[in-house]
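Q: Sequence:
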Amino acid sequence: MRTSIREHSHRLPDDYYRGHVCIAFDACLRDGGAGLSEPGVVRECVSIMRAAFTQYACVAPAYCFMPDHLHIVVRGTQPSSDVLSAMKLFKQRSGFWFSRRRPTLRWQKDFYDRALHSDNEIVDRVWYVFGNPVRRGLVEHWWDYPASGTIGVALADVVGAVPEGCMVNAYGPERQSAG
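Going by our numbering, 155 is the number at position 155 of the sequence shown; the sequence numbering is gapless.
Note that these hints are calculated values from the structure, not bench results.
A hint or two may mislead.
Said to hold, decoys possible - Have a look at the derived ranges for each label pair, beta carbon to beta carbon: (1) 144 <-> 109: 31 to 39 Å; (2) 78 <-> 12: 26 to 34 Å; (3) 14 <-> 137: 18 to 26 Å; (4) 103 <-> 160: 41 to 49 Å; (5) 157 <-> 31: 35 to 43 Å; (6) 157 <-> 35: 17 to 25 Å; (7) 14 <-> 40: 13 to 21 Å; (8) 51 <-> 106: 18 to 26 Å; (9) 104 <-> 160: 12 to 20 Å; (10) 55 <-> 136: 30 to 38 Å; (11) 103 <-> 156: 18 to 26 Å; (12) 157 <-> 104: 35 to 43 Å; (13) 160 <-> 101: 22 to 30 Å; (14) 140 <-> 13: 40 to 48 Å.
We treat Cβ as the ideally placed atom computed from N, Cα and C, and that holds for glycine.
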């Protein structure tokens, strides 16, 4: 028996996703799937994400691939940026890759999103994203989780001071995930 997927319609018009905006997205796998945080999957998804975000002039101040879902903060870097299109392109291309290489992984049709309006909201959400594996008991320290990072921006440039001893360099603009 097939379970129905609840659809989440976007609260905001498409224009709200364009320009110098910052949106937090949560995307889940269908049917209780797992395996999203495996090194080879993360490596391919980050590569796809990097290309999609470059195409739409976006960066990711934080991403975290959990076994069954993805948390990501996406920020537009130019007036022409389109974070919604970047996220949709990432899901489409990674979904195609899943169908060819990992058919047990399938995205839910849509995703949840939240506009972040202030620097404090962005910093809070970045720490929330990086703290997710700790809250789930997967690692003791957020910096030990290999399926998280940033794309196109250094963590210190987003959050300011980073707690001492947490290997800031690992979260630079081109951080490679585990593999």
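Q: Is it true that the C-beta distance of residue 103 to residue 156 lies inside 18 to 26 Å, as the hint says?
A: Roughly 39 Å apart at Cβ, these two residues miss the hinted range, so it is violated.
Q: Taking the beta carbons of residue 104 and residue 160, is their distance inside 12 to 20 Å?
A: Violated - the Cβ-Cβ distance for residue 104 and residue 160, about 40 Å, lies outside 12 to 20 Å.
Q: Is it true that residue 14 and residue 137 lie within 18 to 26 Å of each other by Cβ?
A: The hinted range 18 to 26 Å is violated for residue 14 and residue 137, with Cβ atoms some 38 Å apart.
Q: 26 to 34 Å was suggested as the range; check whether the CB atoms of residue 78 and residue 12 agree with it.
A: Because 19 Å falls outside the window, the suggested range is violated.
Q: Measuring from beta carbon to beta carbon, are residue 160 and residue 101 in 22 to 30 Å?
A: Violated, since residue 160 and residue 101 (Cβ atoms, about 39 Å apart) do not stay within the stated range.
Q: Does the hinted range 30 to 38 Å hold for residue 55 and residue 136 at CB?
A: Roughly 32 Å apart at Cβ, these two residues keep to the hinted range, so it holds.
Q: Holds or violated: the 13 to 21 Å window for the beta-carbon distance between residue 14 and residue 40?
A: 34 Å, violated
Q: Please check whether residue 144 and residue 109 have a Cβ separation lying inside 31 to 39 Å.
A: Given about 33 Å between the Cβ atoms, the range holds.
Q: Could you say whether the range 40 to 48 Å given as a hint is met by the Cβ separation of residue 140 and residue 13?
A: For residue 13 against residue 140, whose Cβ atoms are near 42 Å apart, the range 40 to 48 Å holds.
Q: Honestly, do residue 51 and residue 106 meet the 18 to 26 Å range at C-beta?
A: 21 Å, holds
Q: Within 35 to 43 Å or not, the Cβ separation of residue 157 and residue 31?
A: 38 Å, holds
Q: Does the Cβ-Cβ separation between residue 157 and residue 104 fall within 35 to 43 Å?
A: 37 Å, holds
Hint violations for this structure: numbers 2, 3, 6, 7, 9, 11, 13, all remaining hints satisfied.
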